[in-house]
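Q: What follows is each chain in one-letter form.
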Amino acid sequence: MITLNVNGETHELDVDPTTPLLWVIREQVGLIGTKFGCGISQCGACTVHANGVPIRSCVTPVQAVTGQEITTIEGIGSDEPGLHAVQQAWIDEQVPQCGYCQSGQIMAAVALLNNNPAPSDADIDAAMSGIICRCGTYSRIRRGIKRAAAASSGAEETVSG
Amino acid sequence: MGKWSRRAFITTGVLAGGAVVIGVAIRPGNRADKVAGLIANDAETVFNVWVKISPENTITAVIPHAEMGQGVHTTLAMMLADEMDADWQLVEMMEAPAHKEYANYALAKGYTLGDPDFPAFLIGTVDGIFLTASKAMNLQITGGSTSVPTTGQLGMRVAGAAVKAVLLQAAADTWDVPVDELIARKSHIIHKASDQSAPYSDFAQQAATLSQPAKPRLKTTDEYTIMGTDVQRFDVPAKVDGSAQFGIDAVLPGMKYATVKAAPVFGAKVKSIDAASIQDMPGIRKVVNLGDAVAVVADGYWQAKQALDRLPVEFEEAGNEAVEQSDIFKQFTRDMDTALANGDEIVDKQTGDADAAMSAASSVVEAEYRVPYLAHAPMEPMNCTAWAHDDVCELWTGTQNPLGFAAEAAEAIDMDADKVILHNQYLGGGFGRRAFSDYAVQAARIAVEVAYPVKLIWSREEDMRHDHYRQASISRFRAALDSAGKPTAWVNQYVEKHDPIEAPHIPYGIDNQFIHYTDSETHVPWGFWRSVDHSLHAFFTESFIDEVAIAANADPYQYRHDLLAHAPRFQKVLDLVAEKANWGAPMPENRGRGIAIHKSFGTIVAQVVEVDVTAGKVRPHRAVCVVDAGFAMHPDGIKAQMESGIVYGLTAALYSDISIRRGAVAQSNFHDYQMLRMHESPIIETYIINSGEKIGGAGEPGTPAIAPALVNAIFNATGKRIRELPVKLHDLSRENLEDKDVA
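Top line first, the protein sequences correspond to chains A and B. Heads up: the first sequence begins at 2 in the numbering used here, then just goes up one per residue. Heads up: the second sequence begins at 846 in the numbering used here, then just goes up one per residue.
Treat the hints as calculated values from the structure; they're not laboratory data. Please note: incorrect hints may appear among the correct ones.
Output of the computed footprint for chain B on chain A, the stretches with three or more beta carbons under 8 Å from beta carbons of chain B [said to hold, decoys possible]:
(1) 87 to 101
(2) 113 to 119
(3) 134 to 145
All values reported here derive from a predicted model rather than from experimental measurement. C-beta: ideal position from N, C-alpha, C; glycine also.
Modelling step: build the complete structure from the supplied sequences, incorporating the hints.
A: Set out below in structure tokens:
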């Protein structure tokens, strides 16, 4: 049995420990927001966080992350009003088209902003170039990250002020 | 083909007679009854196949098209809601069930009546299945950038206006006042003289019994309140919290997983499978021989994939095992030469006397271009969940052609078409790929072999190697110039014509033209690829006109402008893109600008690319785009489609190359079929012109002009003319340029 913590819940799972985390999340844990795109860590559609670090779940054996806190797209929203600042920015900028890559894009953007609340264009390029969007929403993703950064800094100022 | 009920037969009769122009879908009682059970509960009133109203005064637009990111679910609802004078806050949408009552009626009608605007791409799709008029009703296709121009303009708007008309009449009857004293506004009917106001829902049931006008008056542009505005798309919230249901996300009780490996060489068959060798691997349920492919079914996808990778499979040789990409281009060249020598070219377009103009020319410009095969590579690999139970087979998948898929799956498993029930899901990218049913047919065939639901998922490698590819092609040009540098003749020969037929035609005022082609079949399966033939011909024609301009010592923008004197709509688009891109302003070293213009799917798009070529590395850093789609129903949506079309087209122009090696596709995944990424993506500026001309499409027209704008910019920056895509094949380092080209 494998013990896996996903979005704050612990799951005891009877799976081959070499199975990629992606398929365990989708098929055993039952969270389908994390997507399969390439299977070889080239497209980033499967990006989740392990202890806050963005990883490619399609090439990460589940045994490598037991004991770590896994966060998926379903786990990043706050309780109230329900959406993470990045998700709200994605709606405001109308980022998604087909939407299939966007879980991965959002997970990468959230990790970026957690480490770097005011990223430059070069920082955004470095953090986001691993996630392919075939619909070409890159310019909106860039705007969305900047909008989320601005919203978060505004919120912090309000709190501290 | 299924049997027609009397009501459906009436529909067909009207269609064939053509007496009712577009009204059949909104005529009283004809189709609403049949679909009511599928889309409404008892308290709701179905007016027609496109709209229903709830007791809470919510209007639901029923959209007969698939959402693949192009925003169609929202834009079509806007068109209906605006004509209804609905309160947008009270408007919802649902995708129509895959049911023949939702066939693209306007498309089918156009097909039957020989409408010249009937999109040629559909003729290929209906090939062999839906060739008669009645069978053409069996379309529910999303493609060809047709949803807004056809379903929207001819369906949703008419339905909305007709429903508003009967709501007004029902209110007039109820209040006993003249109908022309009533105003419809924000989902309410208002009678000012008696100071009465009531929601639409108060009159819905009565209105549904009234005869709806077949040709209601539609709004003029100045009356629009929703069309032309930037409402938020319906599908976005579910696409940011992970809850959007794509085909791959279907989950059924007791479901197992399958994956397939098809014969690497197209057309080959399975010779032998050593199924016993993987039988003891964990979770393995079944091995299915599909004839040209083998499937493994297991408890999980990973188990199925691991087992399939180890499964010994032999394929029969089909005769194409030695074909290399270079052989295909040689074949094209040979067939083109032969056609010329024998004088049996197929005429595409002929005006004036190109031969005479060529003989009288002051100078002649010649060039030959080529493009490779292209894969679609949508982010969601092909997949379909199938469940054969009782006497039906249910399918969950994302498709651009739900009725076609159901029909083809039914045929493959020898079941009546109406016993195959397809539940369409969000498409994780379509681009034309999800108009081909191969993956759904496979899933249905596996499902009938087992007693549980099966989710079939293709690996990315399978997706890349078993696509339906944009054709490779060669195109040759000759242009005659007079002593002033003006073109007097345009001669063009190319191979492999598909759709749309006008893709190779140029907008320029050149009196003598001879455009012709040669068929040269290969064993590589063909498919619609975003903008279809426009994707290659815009590269050919807009690169060559650039070469002609350079040969005439003219500015490429000004030269095009002068040749469009007869076409002011084109000229305006071209002039605006030049203005917005600061055409003619000095550029830093290593940078260049290129321009291109092309009309496709009724929409004119002009683009300017600014490119930096440093140390051989090509970096398009800015793209300026002007689009005239007649009227932008959803301006932000059009901008999004231009951004998308540009990135899709730039990806192909810079990197994409599907090549055949030993009869099979050599590429397999994103490491060798490279995608444009965030750090390589240009800043994109889009400007919209609402010319008031006939409404055009948006999903595809952003793609064609970007490749020629890019190579024209590379020429401007380096002096090197790229005549074969992708750009990555060419060494653009300074040493190479100085040695071979510039000097």
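Q: Just to make sure I understand the rule, a stretch counts as covered if three or more of its residues have a C-beta closer than 8 Å to a C-beta of the chain. Does the region 113 to 119 of chain A meet that for chain B?
A: violated (count 0)
Q: Taking a Cβ-Cβ distance under 8 Å as contact, does the region 87 to 101 of chain A have three or more residues in contact with chain B?
A: holds (count 10)
Q: Please verify the coverage claim for the region 134 to 145 of chain A: does it have three or more residues whose C-beta sits within 8 Å of some C-beta in chain B?
A: The restraint on the region 134 to 145 of chain A holds, since 10 of its residues have a Cβ under 8 Å from chain B and three suffice.
Hint compliance for this structure: hint 2 is the single one not met.
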